[in-house]
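Since the structure of chain A is already known, use the hints to place chain B on it.
Going down the list, the protein sequences come from chains A and B.
Just so we're aligned, residue 600 is where the first sequence starts under our numbering, counting upward by one.
Just so we're aligned, residue 804 is where the second sequence starts under our numbering, counting upward by one.
Rather than coming from a laboratory, the hints here were simulated on the basis of the structure.
Accuracy of the hints is not assured; some may be wrong.
Examples of chain B residues toward chain A, derived with CB under 8 angstroms [as the list claims (entries may be wrong)]:
no., residue
1, ILE816
2, PHE879
3, LEU886
4, PHE908
5, ILE931
6, MET935
7, GLN968
For clarity, every value in this text was computed on a predicted model and none was experimentally measured.
No residue lacks a Cβ here, since even glycine has one placed at the ideal position from N, Cα and C.
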Amino acid sequence: MKMVKGIVRVVRYLGIVACCVLGFVTIVATGGGGGGDGAGGVPGLTFNQANMVDSAGLGAGMTEIFPGISEVTIAVVGSLAEEPPRTGDLDLCLTGTSVLAWVDGDENNTLTAGDTAILTFTDCDLDGQGGQLDGTANFSFTSIDDVNLSGVAMVTFDLQSQELVDGILERENFSGRLRLELITQDGTNYTALFGGADRDDVITFSMNGQEVAKFGCFDVEQTFSIDPLDPVAPDAYTLAPRGIANVGGQIMQIGSYWGPDQPLDFQPGFSPEPVPVSGTLTYLSFDGRNSAPASFGGLSACSAVGSFGDVGTDNSSLLLTATGGGAVRLELYNNLDLIPPVLATVETTWQALMRIVMW
Amino acid sequence: MESNGLKMGEIHINKPQVLIGCVALLAGLLLYLIDRPPDTYFLSFVKALDTSSYGAPPFFRAIGGPLPSFLHVFAFSLLLGGLLACRKTGYLIICSAWLFTNVLFELGQRHSISVSQLMPEWFEGVFILENMRGYFLNGTFDFFDLLASSAGAVAAYFILIMTKQGRRE
Chain A
600 MKMVKGIVRV VRYLGIVACC VLGFVTIVAT GGGGGGDGAG GVPGLTFNQA
650 NMVDSAGLGA GMTEIFPGIS EVTIAVVGSL AEEPPRTGDL DLCLTGTSVL
700 AWVDGDENNT LTAGDTAILT FTDCDLDGQG GQLDGTANFS FTSIDDVNLS
750 GVAMVTFDLQ SQELVDGILE RENFSGRLRL ELITQDGTNY TALFGGADRD
800 DVITFSMNGQ EVAKFGCFDV EQTFSIDPLD PVAPDAYTLA PRGIANVGGQ
850 IMQIGSYWGP DQPLDFQPGF SPEPVPVSGT LTYLSFDGRN SAPASFGGLS
900 ACSAVGSFGD VGTDNSSLLL TATGGGAVRL ELYNNLDLIP PVLATVETTW
950 QALMRIVMW
Chain B
804 MESNGLKMGE IHINKPQVLI GCVALLAGLL LYLIDRPPDT YFLSFVKALD
854 TSSYGAPPFF RAIGGPLPSF LHVFAFSLLL GGLLACRKTG YLIICSAWLF
904 TNVLFELGQR HSISVSQLMP EWFEGVFILE NMRGYFLNGT FDFFDLLASS
954 AGAVAAYFIL IMTKQGRRE
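Same shape as in the complex, but just chain A:
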């Protein structure tokens, strides 16, 4: 009887230990209950030959957020630099509203460092394509030149858009925080430097409630011009159709067409300036094992340039190389350091990639 009691006691203790271990294991192995929409702990997408084109399109599409943020920031700075500063609806939307609220931190009635502003979009159709944009963008200005409309701002945004695509309502969400530095000599030609405010800053993109991609630990450089888009709406600005994106120290060009029938296009050789005609855009996982790419513009170096939120744990990576004439080569690797052999190669175009995800 004593022996049986001892065995039962041991079994019970083992059960307790097993329960604790199993509890820990199930958290790590399953996400311990997921992450709502994010499905916590799910390794998810692994780059492979079947999905590499779609993945590249998704990744390329992520960069489209940057010109939009530049444009909106300049509109905000321009409005607040007016005498007196202009708030209320900025008329950025063809339908709907884009209302700017301003907190004059030092109460000098002038846009100065330390001021903050919130731009709220409500049912906003920015481009006449029928999409609706809702949400807020918060600007915290750390330095400002209200003459040339340049400076440094922390931009925190949470934007939702919805659009009918082939009769199906698609909901998309962009959220995150970044540091934006606008540099200009003449108030027309700009360089915008984007970077995370700190290493944890990530821009996330979700579709229909599912997180599909992250763009984090990034340094992006974009050059562009602003011109009044329409004399009837002199407060509207557009991006000139040229640009260079520097993603993680690698150069790629962005040709940005503006208008209902002119989607964003990536096209080397478009700019009148002598610029590189090829470059690489790499999407690596956030494991911190990559060497830090060169930082520029005073932004801190990051360990990775961008990532899909659910890159698999097999260290697969995808390299996008602009090869000129709007063409791009996709290469699939089984390592994060892009060491051959190349497992698969696809020749395509930026335009084709951008058609994969249109937002």
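The following block gives chain B in isolation, referenced to the frame of chain A:
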């Protein structure tokens, strides 16, 4: 001997509590099998990898987000509570401990990069532990998971109290 308990002198296991815990655990497992993509770490061992084909019924999709968080805290609180068969205070500690653990991991996803950098290199290649870094980096902090975990802890505590057997009182 208690009617529903296994008791041998000092040894006491509350079978109903363990049973409810097991059922909840099984429900969580089924939820993952039905609702979650097959490349979830542990599912990768039991399901064929086909990231495009996981299509759960709408009901499961709707509840599939925070429900596992609820079930995890609920199930393991009951399992441990049943095995320890302790008093109310003990049950409270057990439920709180599981809630704390889940909240800690969830908050780790909120500060994913910082937390992932705390993971030692030797975790790589070690079963389960190799997924720790991915858990934090790829997971998404969700406030509803915290709510669900809290609800799981509260529910478990009440079930534990309701099914408590009086031996140690």
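Each hint tested on the structure:
{"no.": "1", "hint": "ILE816", "result": "holds (6 angstroms)"}
{"no.": "2", "hint": "PHE879", "result": "holds (4 angstroms)"}
{"no.": "3", "hint": "LEU886", "result": "holds (5 angstroms)"}
{"no.": "4", "hint": "PHE908", "result": "holds (5 angstroms)"}
{"no.": "5", "hint": "ILE931", "result": "holds (5 angstroms)"}
{"no.": "6", "hint": "MET935", "result": "holds (6 angstroms)"}
{"no.": "7", "hint": "GLN968", "result": "violated (15 angstroms)"}
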